[in-house]
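Chains as they are written, first to last, in this note's numbering: chain W, 255 to 785; chain G, 847 to 1017.
Keep in mind that the hints were calculated from the coordinates and are not lab data. Every value quoted in this text rests on a predicted model; they were computed, and no experiment measured them. Worth double-checking, as some hints may not be accurate.
[To be verified] DSBU-like, lysine-lysine: derived pairs with alpha carbons at most 35 Å apart:
{"#": "1", "chain 1": "W", "residue 1": "Lys-564", "chain 2": "W", "residue 2": "Lys-501"}
{"#": "2", "chain 1": "G", "residue 1": "Lys-1004", "chain 2": "W", "residue 2": "Lys-386"}
{"#": "3", "chain 1": "G", "residue 1": "Lys-1004", "chain 2": "W", "residue 2": "Lys-464"}
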Amino acid sequence: MHTLTIDGKEMRVERGTTILEAAKKIGIEIPHYCYHPGLSIAGNCRMCLVEIEGVPKLQISCYTLVSDGIKVHTRSERVIKARQAILEFLLINHPLDCPVCDQAGECYLQIYYMRHGLYNSTFLEDKVKKRKAVVIGPTVILDSERCVLCGRCVRFCDEVSKSSELGIFNRGDHSEISTFPKKELNNKYSGNVVDICPVGALTDRDFRFKCRVWYLKEKPSICPGCSNGCNVWIHYNVDRTCKAEGKRVMRIKPRFNEEVNKWWICDEGRYGYKFVDDNRIEKPYIRQQGKLIPVSWDMAIERIAGLLKKYPPESIGIVPSPQCTNEDNFVLKKLFSEHLGIKNIDYRVPSQLNVYSDDFLIREDKNPNSRGCEELGLFPKDKGLELKDMLREAENKEIKILYLMNHDLVKKMGREEVALALSSVDSLIFQGTNFNETVEFADFLLPSSTFAEKDGTFINQSGRVQKINKALEPLGDSLSEWKIFVKIARELGIPVEYGGPEEIFFDITKEISSFVGLSYSLIGDEGINLY
Amino acid sequence: MKNDSLSFWERLYIKEVLKGLILTSKHFFQNMKVHILNLFGVKTERKGAVTIQYPEEKKSLSTRHRNLHRLTVREDDSPRCVACMMCETICPAKCIYIVAGEHPDPSIEKYPVSFDIDLGICVYCGFCVEACPEDAIRMDTRMLEIASYSREGMKYNKEMLMDHNKYCKKD
């Protein structure tokens, strides 16, 4: 441990801490461009200069380790003058693109200029013009003029994605970031370079010009793309419906979580949000004379409750979804298993073959809550049927009702494999978010809400319970899954009544042993491990 | 503000009414005299009436006056607007709706795919003009005749707003 003083405040930190990190711990923000906690230290932007008593020159705080007894000044006159000069230097050739640049509002040149710069320009020279709007990969566009050559993106490609597509080329004020010849920035994590770019040099092709950042609202959530459960921010815009054809979710950004995903998310998760607004089932439907007719919730619930009453539990098969939250699945289990005595419950739909996975963030299981389904016991017990047996029995007319929760069986198992079974059942109930090929077979469609439209918990593959938060109102008439089950229970006169996900979670912690001792407040935004 | 209390004669009402009638009649007869003289080709240098003969004649407006918006154009007649949404953001009435898009020319980069103003809700505050960093929107067309029989008619799109440049002399 070292004792040091920063701006007159004494503190003790571990050996090997840098001054920048030490200052951050006591809430002193030292401006910086090239330093990023997730990357190696380059020390080339010179923005984080601080004064250390007894050291003649200013030192870069991102690379200077603390030593015992030093006195650091981060706001002395010399430091402030140096910062101004550095900013002036960085802005020599920087174009005034703020009205056009997607980073406006999130740009550290803007922010630091307003906080530390505010000088009068003394430069009369012409600006060096560089390439603009260069497509360097499927997800990223480069604007060389705006780049401050901090090298974060280069280090990201070298150290995190380990694909090394980017480099800094040329000398002096002709230096620019670019991809190596005949290469493009195309890796599974390429979107992250946009997040770490402190200025608008790298912008996201998906987000480009869709919405200005000051219109965005954010909500902490969990990526539903795979079982890793990366922490994300949902950035959405609901005030200006004229934007982006009324689409609500604008982008997904990674949210720091030391235990799960650090600062990063994969491109698959980042751009996998489109289903929230596209091709949604917005109303309940019932098939009449071969056509799906939109109906009211009351009518759909009444008909489904009637079916559940009419058929014996042995002839009903339920396929819960690992895309749903624990709360949804718990109410499902209460209603179908405990009260209706249905034993044919199996969430294990085979995942598609040859899906990409790696040892960093992307997992093979593309469901965020398979572990939760496992913990809740949503698989057949006491001679209940597995999914493939259910489908076989459906072909034999033994299973009469199949209740599918957001599974595209046609896509996952193949049309030939499931077509006969799905068309043989008396009633196929599909409860889900989006239209897909399986919907063609459905007799009932119940619209449910996506992860962005509800509260609840997921458990990732390593057993970490994490919370998703409602950012948006459910689209159309769609409802959270648990609300639909409560409606059905009410219609059947079964006492399954809940007021909200927190209430359901409280019951889960009482009834499921591995959840004992947990609560929403314990999970927080960071999540908590099951054991 | 303090109201002056009325005098006795003013409170009597009749005298004030007569005063008004006299003033109106004075103008009437004066105008009639000049109109008749004009009819016979006498004293034609004198204006026929003291009032402004709208719409043939228009009142001159202050140079600061804010009126119908226009979107200024570049030399090639494309909009100067880069869809930065500053005007949309500052607009207190929220009557501006812009959708941005990628321009094929990387030196322009961004342009408004659509730019709509709903003059039915516009409060003519001029903030949009102040906020624009590109001098792309102005309220100097000196056009006041923007009434419409429907709310839809008060909505102006990008093409219409660019067309309003015709009310301004080319520099």
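Each hint, compared with the structure:
1. W:Lys-564 to W:Lys-501: This hinted pair is violated, its Cα atoms lying about 41 Å apart.
2. G:Lys-1004 to W:Lys-386: Given pair G:Lys-1004, W:Lys-386 holds - Cα atoms ~26 Å apart, limit 35 Å.
3. G:Lys-1004 to W:Lys-464: 18 Å, holds
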